[in-house]
Amino acid sequence: MNPFLVLDVSVDATDEQVRSAYQILLRRYPPEHRPHEFQIIQEAYQATRTAADRLQWRLFHVQSGRTGPLETLENFAHLPGKLKPPGAAAFRSFLRGCANATLREQSK
Amino acid sequence: MSDKSVNFANDPEAAKILIFIKDGRWRKARDAAKELCKRDRARYLDLLIQANVGLAREMLGKGLLKEAETVVAHLASFAPAETVALLRKEMAVPQGKRQLEALADSGGAGWWMAALRADEILMQQGNISPADQAAVDLLVTDSFEPDLAGGEERVAQLAAELKAVRNACAATGEGRWEEAKDSLRTLPRQSIFWQWRIFLRGVRCVFEEERETARQCFAQLPATGTLARAAAALAPDLARSTRPAPATAKIPLFLAATGQPAAWAAALLTATASWKAGKRIQAFDDLAAGMRPVFPSLEPGLPAMLTDGILPSTTRMSDDDWVDSEAMFARFGNQRKKAESHLQKAVLVFLRSMCAAEKSEMPEEELDRCWQVVIKLWHENHGPDPLRDSLAWKWLGDELARAPKPRFNIFGFAQTAPYQNAEKALKAYENATAADETNESAWLALASLLIKERDTKKSNPLLDKLIKKFPRNKAILVLAGESAIARKSHTKGSAALRAALALDPLDRDIKVQLVGSLLVRIREARTKASASTGLWAEIEPFLEDSPPRGYELLSRWMARVRRSLLDQDQAAASQAMAESIAMAPSDVIRLFLAATLVSVYQTKLYSGWPQDWKAACSSPQHTWKTQLAILRLADFLSAQPGWGVKQMDLIRKRAVEAVAHLVAPHNIKTDPTGLLELIDELLSLRKRTAQRSVHVIGMVMREIADALFSQINPATRKIDPRLRLAYLIFAEDYSKKAIKHLDAVIVDAETQGFQAAAARAKAFKKEIEDNPGGGPFDFLEDDPYDEEDDIWEDDEDEDDDIWEDEEDDESDEEMPHPMETLTEAILAGDDATIQRCRIALRKRGLSDLTIDLAIEVISEGKKPRTQTRKIPPKKPPFVDPLQENLF
Numbered sequence: 001m002n003p004f005l006v007l008d009v010s011v012d013a014t015d016e017q018v019r020s021a022y023q024i025l026l027r028r029y030p031p032e033h034r035p036h037e038f039q040i041i042q043e044a045y046q047a048t049r050t051a052a053d054r055l056q057w058r059l060f061h062v063q064s065g066r067t068g069p070l071e072t073l074e075n076f077a078h079l080p081g082k083l084k085p086p087g088a089a090a091f092r093s094f095l096r097g098c099a100n101a102t103l104r105e106q107s108k
Numbered sequence: 001m002s003d004k005s006v007n008f009a010n011d012p013e014a015a016k017i018l019i020f021i022k023d024g025r026w027r028k029a030r031d032a033a034k035e036l037c038k039r040d041r042a043r044y045l046d047l048l049i050q051a052n053v054g055l056a057r058e059m060l061g062k063g064l065l066k067e068a069e070t071v072v073a074h075l076a077s078f079a080p081a082e083t084v085a086l087l088r089k090e091m092a093v094p095q096g097k098r099q100l101e102a103l104a105d106s107g108g109a110g111w112w113m114a115a116l117r118a119d120e121i122l123m124q125q126g127n128i129s130p131a132d133q134a135a136v137d138l139l140v141t142d143s144f145e146p147d148l149a150g151g152e153e154r155v156a157q158l159a160a161e162l163k164a165v166r167n168a169c170a171a172t173g174e175g176r177w178e179e180a181k182d183s184l185r186t187l188p189r190q191s192i193f194w195q196w197r198i199f200l201r202g203v204r205c206v207f208e209e210e211r212e213t214a215r216q217c218f219a220q221l222p223a224t225g226t227l228a229r230a231a232a233a234l235a236p237d238l239a240r241s242t243r244p245a246p247a248t249a250k251i252p253l254f255l256a257a258t259g260q261p262a263a264w265a266a267a268l269l270t271a272t273a274s275w276k277a278g279k280r281i282q283a284f285d286d287l288a289a290g291m292r293p294v295f296p297s298l299e300p301g302l303p304a305m306l307t308d309g310i311l312p313s314t315t316r317m318s319d320d321d322w323v324d325s326e327a328m329f330a331r332f333g334n335q336r337k338k339a340e341s342h343l344q345k346a347v348l349v350f351l352r353s354m355c356a357a358e359k360s361e362m363p364e365e366e367l368d369r370c371w372q373v374v375i376k377l378w379h380e381n382h383g384p385d386p387l388r389d390s391l392a393w394k395w396l397g398d399e400l401a402r403a404p405k406p407r408f409n410i411f412g413f414a415q416t417a418p419y420q421n422a423e424k425a426l427k428a429y430e431n432a433t434a435a436d437e438t439n440e441s442a443w444l445a446l447a448s449l450l451i452k453e454r455d456t457k458k459s460n461p462l463l464d465k466l467i468k469k470f471p472r473n474k475a476i477l478v479l480a481g482e483s484a485i486a487r488k489s490h491t492k493g494s495a496a497l498r499a500a501l502a503l504d505p506l507d508r509d510i511k512v513q514l515v516g517s518l519l520v521r522i523r524e525a526r527t528k529a530s531a532s533t534g535l536w537a538e539i540e541p542f543l544e545d546s547p548p549r550g551y552e553l554l555s556r557w558m559a560r561v562r563r564s565l566l567d568q569d570q571a572a573a574s575q576a577m578a579e580s581i582a583m584a585p586s587d588v589i590r591l592f593l594a595a596t597l598v599s600v601y602q603t604k605l606y607s608g609w610p611q612d613w614k615a616a617c618s619s620p621q622h623t624w625k626t627q628l629a630i631l632r633l634a635d636f637l638s639a640q641p642g643w644g645v646k647q648m649d650l651i652r653k654r655a656v657e658a659v660a661h662l663v664a665p666h667n668i669k670t671d672p673t674g675l676l677e678l679i680d681e682l683l684s685l686r687k688r689t690a691q692r693s694v695h696v697i698g699m700v701m702r703e704i705a706d707a708l709f710s711q712i713n714p715a716t717r718k719i720d721p722r723l724r725l726a727y728l729i730f731a732e733d734y735s736k737k738a739i740k741h742l743d744a745v746i747v748d749a750e751t752q753g754f755q756a757a758a759a760r761a762k763a764f765k766k767e768i769e770d771n772p773g774g775g776p777f778d779f780l781e782d783d784p785y786d787e788e789d790d791i792w793e794d795d796e797d798e799d800d801d802i803w804e805d806e807e808d809d810e811s812d813e814e815m816p817h818p819m820e821t822l823t824e825a826i827l828a829g830d831d832a833t834i835q836r837c838r839i840a841l842r843k844r845g846l847s848d849l850t851i852d853l854a855i856e857v858i859s860e861g862k863k864p865r866t867q868t869r870k871i872p873p874k875k876p877p878f879v880d881p882l883q884e885n886l887f
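Each protein sequence line maps, in turn, to chains A and R. Heads up, the first sequence is in the working numbering, so the first residue is 1 and it goes up one at a time. Heads up, the second sequence is in the working numbering, so the first residue is 1 and it goes up one at a time.
In isolation and in its complexed conformation, chain A is listed as follows (with noise of 0.2 Å):
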């Protein structure tokens, strides 16, 4: 998981850019609630608190598996905070996406 696109910071964010990002973060997935997310933010803060701790990741940081350029796409979106409304034009071509798979689907 990219700390920078979870934290939704840039590559020269200072290290005071980085606590806020994080302690808004925070705010918004509390650990008590949302565990899952709250672990995923942790982790990012923890590669990214200093400029030493950035540059590291940026450096040596290694994928663990191989993804395709979907389930990278899906990954991305996924992202704690990532996801917004699409818009009404993207949303209803996708709601029709699934209604055309679907009625495929049932006619095979």
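None of these hints come from the bench; they were simulated from the model. These numbers come from a predicted model, not from an experiment. Errors might be hidden in some of the hints.
[What the hints assert, rightly or not] When the alpha-carbon atoms are kept at most 16 Å apart in a straight line, the in silico EDC-like pairs for lysine to aspartate or glutamate are as follows:
(1) R:Lys276 to A:Asp8
(2) R:Lys766 to R:Asp743
(3) R:Lys740 to R:Glu767
(4) A:Lys84 to R:Glu174
(5) A:Lys82 to R:Glu208
(6) A:Lys82 to R:Glu209
(7) R:Lys16 to R:Asp31
(8) A:Lys84 to R:Glu210
(9) A:Lys84 to R:Glu767
(10) R:Lys424 to R:Asp398
(11) A:Lys84 to R:Glu437
(12) R:Lys469 to R:Glu437
Based on the hints, put chain R in the right spot on chain A.
Same frame as chain A, but now just chain R:
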């Protein structure tokens, strides 16, 4: 089909036919239309065609193919050719597919018809077919507007509901939650769109972080439907669906929902198709072509995630990944000559992750070369950054400074490879410190490697410089202290360690280093016959009454024992002895420590030690905890640096012997928890220790087993479940009967509040179930008197061994049936034969205790009394002249 019904708005007869058509009453519609056609064929022909088409499809739906063929043949005489052709096409496909394909092709009007039909069915308390439900879902996402002129109230109602749902969808898509709620507020529960209301509420809850409500909403949706499919894509952890949403639907949605450019959708779709087809390099190329110049990327964002995900350089590489990786490596290598910026970037991202992932697999020289390219490319692409360069060089140094991997010869034997990378590693560390002089970890690594390489000319001044440069770096101070102490510069080393301790006063590791250093100085002072009172006083502040395991060197009572042995001041030594007696957890443990340390310090035990030891051993107050403490103490002593393998084994052997002497069968029932702890400790020790000590541990375990087997019946529920568990562990019984006994033990232990014992019994039961026919330990199979591994074989000072069994060197002649011979010898009163039988039985692995019991049973014909066990004569611990450097 054309929709000309608008022409009949003011025609009641035609409207009546339209109602028939809407209701699916095709025959009535056809008959009525036929009548009207007689009046005005051109005006009403379309109604007749619609009715006949409907009738034909109804027949097809019912499987009446011949009847449908008749209708179509009749229809061919007046209907347009394309209508007839479509019907014939429908007749050619299997029945199940026919209705759905017709529905899919029918467009908005067809879906509206399906919606009307579904509404009708729902009104009659029927179930809507999945096909009709899919048509209703398609209708919601379509722009078709139903005609309401002259329609019924119910039709108008349905159209209003459809409009409301569409409004709510649009509002939800744009995050206008209140508007979405308002739109659906009046939707009746009987509506065919009711599921949409639930779904849209769930979607709103997903975006508004009301996860539990979202989960409840999505749980109400049919698992195979459109809406469950959509919900699972939006919130995979909250919704259930048997089928995923298609990539063509998900990719544009996720791009839009995460604010990414919609233009990437095509590249992502193509790459996904390539990936699914197993063409992984093609997928990389698809993304590179469609997302240039942002892909590949190292900057945080979707392109970087895609880069990481698609590259073969990961921690778990399959064979396919390796093939991909080699192909990409070769191609990048060739293309790099073009020096195009995106290729440079691709090489950078690929090499970086390749080096990071394969650091332990790549040859060092390859890693060195590739990583230097990474540093150079990063510098060229992202500009200078001292911290980044320093970290990168330090990482390379760490990788190169690792111990070389063993190489295997042609016979498959590992051979220690020569250490060749120290120079390169030193160079990397020097580059790291040059790039960023404040990188303390790089300096520390450099100094550590110089010490490891024994380059004192460089390491000593460097450490002095680092202490001045980073006076608050504990790791540097500790390294400097350890290095100085290793060079026997105790004053300098102690000063550095004390400075480190001042930074972290609770660090016990530093205290242990300091106490160790002081003990070495005390022993030096003793050799030179100089006073050591001051040094003992220096040790005092670091001592604790009950230090945790692993820090026994800080134990106050042990320090007193040491002082009693080392202090040349007799008064101080006596005082220390008196204090150690008062402070030690038990006399046996204290005497054991004293005897062990004597061998290390090359001093002599005081003359009364054997008597004290005998008295201490015969004390009735020993518990299993005493034995456990001795074993743990032995474990600590044998882990001290400077101790050889032989000496470690010896310490363990002595400890186990001491424990064996303390095993008191008549006390087997006291402190069952302590007994279980001791068993676990013995098992653990047995795994860690050397072969020769294993036999000794096996002997102790036999002693305990003998006592247990003679006194405990595992089937008796009145006996403490912990004792029954101990019995079962020793019995090595992996049968179903043992599992039955264990079940009873678990129940009884839980009932009586012995939770730890219950957990241990469960673990043991699982072990039995996982290894049917196996055994937890094979001590009963070990032959402690096997000449190959004779535990006494390497004892150089057997003559001094106070625990030596005087019968050990006796005859070892063969005796095929020693127990039978023993019986006969006892009955005949032949003492010499009894003695020979005893030796033969011992060789077969029986302990003295077991043999004594056997003799007692045979000679007296009574139930054995375990109290008669003989305590073997004791001997003082031997003094090993090799133990020079300890403590």
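Inset, instruction - Would you mind confirming whether the straight-line C-alpha gap from R:Lys16 to R:Asp31 stays at or under 16 Å? - result: 12 Å, holds
Inset, instruction - For the pair we were handed, R:Lys740 and R:Glu767, check the Cα-Cα distance against 16 Å. - result: With a Cα-Cα distance of about 14 Å, the restraint between R:Lys740 and R:Glu767 holds, given a limit of 16 Å.
Legend entry - 16 Å limit on alpha-carbon distance, applied to hinted pair A:Lys84 and R:Glu174: OK: A:Lys84 and R:Glu174 at ~9 Å, within 16 Å.
Legend entry - Pair hint R:Lys766 and R:Asp743, alpha-carbon separation not exceeding 16 Å: 11 Å, holds
Inset, instruction - Could you grab the alpha-carbon distance between A:Lys82 and R:Glu208 and see if it respects the 16 Å cut-off? - result: OK: A:Lys82 and R:Glu208 at ~12 Å, within 16 Å.
Inset, instruction - Compare the distance between the alpha carbons of R:Lys276 and A:Asp8 with 16 Å, and conclude whether the hinted pair is satisfied. - result: 30 Å, violated
Legend entry - Pair hint outcome, A:Lys82 versus R:Glu209 [Cα-Cα no greater than 16 Å]: 12 Å, holds
Inset, instruction - Measure nothing beyond the straight line between the CA atoms of R:Lys469 and R:Glu437; if it is 16 Å or shorter, mark the hint as holding. - result: Measuring from Cα to Cα gives roughly 10 Å; hence the hint holds.
Inset, instruction - Given the hint that A:Lys84 pairs with R:Glu767, test it: the Cα-Cα distance must not exceed 16 Å. - result: 51 Å, violated
Inset, instruction - Take a quick look at whether A:Lys84 and R:Glu210 sit within 16 Å of each other, Cα to Cα. - result: 14 Å, holds
Inset, instruction - Could you grab the alpha-carbon distance between A:Lys84 and R:Glu437 and see if it respects the 16 Å cut-off? - result: 45 Å, violated
Legend entry - Distance restraint between R:Lys424 and R:Asp398, which requires alpha-carbon spacing of 16 Å or less: Satisfied, since the Cα-Cα distance of roughly 10 Å is no more than 16 Å.
Violated hints for the displayed structure, listed by number in ascending order: 1, 9, 11.
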